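Each chain is listed here by its residues.
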Amino acid sequence: MSSIFENLPINLDDLPKVEDIDFQPIDKKYLKVILIGNFLFFLLLAAGLFALNFFTDELGTTSYLISGGAFLLVITWNLIITFLGFKRKMYAIRDKDIIYTKGLIWFVRTSIPFNRIQHAEIKQGPIERKFKLSSLKVFTAGGQSSDLVIPGLPSETAQQLKDFILRKTAEDGEPTP
Amino acid sequence: MESQPLDFSAPRRQSSVAIGVILIKFVRMTIRAFWPILLSFFIGGRGNSTFQDIIGYVAVGFAAFNLGGSILTYFRFYFHIDGDSIVIDKGILKRTKTNIPFARIQTINFRQNILHQIFNVVSVEIDTAGAKKSEISIDALKKTEAIALRDFILAEKAQLGTVENTDEKEVEEAILEEQILHLRPIDLLKVGISQNHLRSMALIFAFVFSTLNEATEDIGDFLSSQFGQYERYMVDNALFAFLFTVILVATISFLFSLVNSVLKYYELRLSIHKKGLKLVRGLLNREEISINRSKVQIISWSTNPIRRMFSMFTMKISQASSAESGSKGNIKVPGSYQEQITRVISAVFPEEYYQFDSDHKVSHLLKTRLFLFFGMIPSLLGLATYFEIGTDALFFLLWLPIIWALVSLYYSKRSFQLNQEFMKSNAGLFGRSYDLTQIHKIQAVRIKQSLYQRRKRLATVELFTAAGHLTLPFIELEKAQALENLILYRVESDRREWM
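Protein sequence lines, in the order shown, are assigned to chains A and B.
Take 221 as the starting number for the first sequence in the numbering used here and just add one per residue.
Take 573 as the starting number for the second sequence in the numbering used here and just add one per residue.
Don't read these hints as lab results, they were simulated from the structure.
It is possible that some hints are incorrect.
To be verified - Keeping only pairs whose Cα atoms sit at most 25 Å apart, straight-line, the calculated DMTMM-like set for lysine to aspartate or glutamate is:
1. 933/B - 233/A
2. 382/A - 750/B
3. 237/A - 367/A
4. 846/B - 924/B
Said to hold, decoys possible - Label pairs and their computed distance ranges (CB to CB):
5. 823/B - 270/A: 29 to 37 Å
6. 284/A - 981/B: 46 to 54 Å
7. 376/A - 601/B: 45 to 53 Å
8. 288/A - 775/B: 39 to 47 Å
9. 339/A - 579/B: 34 to 42 Å
Unchecked claim - Just a few of them, taken from the derived set where beta-carbon distance is under 8 Å, the chain A residues facing chain B:
10. 228
11. 230
12. 232
13. 236
14. 317
15. 327
16. 328
17. 329
18. 330
19. 332
20. 333
21. 335
22. 342
23. 346
Bear in mind that the values here come from a model prediction, so they are computed numbers and not experimental data.
The C-beta atom is built at its ideal place from N, Cα and C for all residues, glycine as well.
Throw the hints in and build the complete structure from the sequences for me.
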């Protein structure tokens, strides 16, 4: 394994490995938050579709059937993805970095070292508030593309994590000559 | 007042040329916002005397508004230095006081348009990284004053610096600079010739159509009314007309990019000094951009087939910026030769590490995947038209060898290289492009896998810096994980300044 990159003075086998970590799942209640959010979204969409069919005169019952069928398919697909994909939402805090994984079809794992974090904040939407959950958002410099959001954390955990990260960032970020 | 050493601690105004500069800015802004209305006044009022009067009043009101606005803006703009920060106090209706500590200042850049050049003043832009909206600019300052201000701030900032303990001698040395690139007229011509002319063509088309679209409600009607009379002629001489159009469009695009390059890159000079790099360029709008050595995140250089004949590259030096893809504060130098790029790299990055052993290819499955998406699927869709147009649909099969050739070309150039200090990503289709970054400048590592990639044990690695990211597609999972672990370790154990 250590011969993958031959010209390095570091032995790759000695490094801490991301693939061996035990990841923490996010709070199960967050699944409900997603489901309620999706439900509201689809409700609006259904209302829109219905209105569209209703005000277009020439279309008969077949158009209701077609759009209804397509709609059901999308909902079913969404449910499957939500349930199966939920297990993939996991995070890990190591000594020097924070890692978040997600994605059923597109698996994504993002790692940010504490000494590269600009700041961190806690966010809470109206549905999350009902379940006493929060999202932790971690910012890096220069644009949004590398920012990281861990949703579905119990509010106290989110607060503790944020304090921990900010402390770590201050400690690790200090440049030493 | 001018002869004595400049004292920035008292609030002061800009050079009075600023009134003109602000006026131009205002006029431009109003014209941009109201030009359809203005245009309709001029067009609609043809041959109507009361209309002409109205136009006159509108023009006078317009001018008065702009002039008044710019004079007020000028008199309500003060700046001064207070301790370790620069303070700007401005605004007519909504007064704002912006306070920027020196420590947060990234770079101080100068810009000159024609008016600035005539009066020998510059506009000063102070750029800070990270927080948005914290960027400030001073519209016009006497050049000597601006340089004094910049040197003062940079010297103060250096003293505040925690990393390097700068003494007087180093500040002195910081001023010394060595020019490494000067775009001579012949080089400028080469740059103009080797621009991406297709891009200029697209720009021209976009401009022409959007303008027509706003001026006339319906382009179709407009075109048919304009060209209706030529229709017979066109049909009779279709080939001639086609060739003529192609040549005309090609010539216009070529001239457009040529003129554009001259305006933008005229008398371009790139120099290195102790603290970093400095670029001066432009004919009508003269700009001066500086980048601190430690702020450089990525150095990229690329070439296209024409530029390659001149053995020239376009070099881009990116620094951390607040904007997502904002090219502000990035240095772009078309017409750099390989040795100049090497000199920049060795000036900015630790040169002793700049050698790579082997080239890591990406998986050959990238080729087949790209072929599937850009070759097979479009071609199949094309073949489906068989039911509409008959055997002519078979021509869509020609698409396959073309795409295969392109994909193979792309694959053969896609690779990456690394050593203990650097990461380099190589790509290119007809040309070539290289991105180089120091590993410790990376701030996030992302591993991505599609279902297909998971089945084949492959992954795509994205490495984010504060100024853009490097992508290494379709790498064996083992390699990707090793990279992830290695980079995280290197970033976490490296305590050098990175932004």
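Hints and how they fare:
no.	hint	result
1	933/B - 233/A	22 Å, holds
2	382/A - 750/B	47 Å, violated
3	237/A - 367/A	22 Å, holds
4	846/B - 924/B	18 Å, holds
5	823/B - 270/A: 29 to 37 Å	56 Å, violated
6	284/A - 981/B: 46 to 54 Å	51 Å, holds
7	376/A - 601/B: 45 to 53 Å	50 Å, holds
8	288/A - 775/B: 39 to 47 Å	46 Å, holds
9	339/A - 579/B: 34 to 42 Å	36 Å, holds
10	228	6 Å, holds
11	230	7 Å, holds
12	232	5 Å, holds
13	236	7 Å, holds
14	317	6 Å, holds
15	327	4 Å, holds
16	328	5 Å, holds
17	329	5 Å, holds
18	330	5 Å, holds
19	332	5 Å, holds
20	333	5 Å, holds
21	335	7 Å, holds
22	342	19 Å, violated
23	346	26 Å, violated
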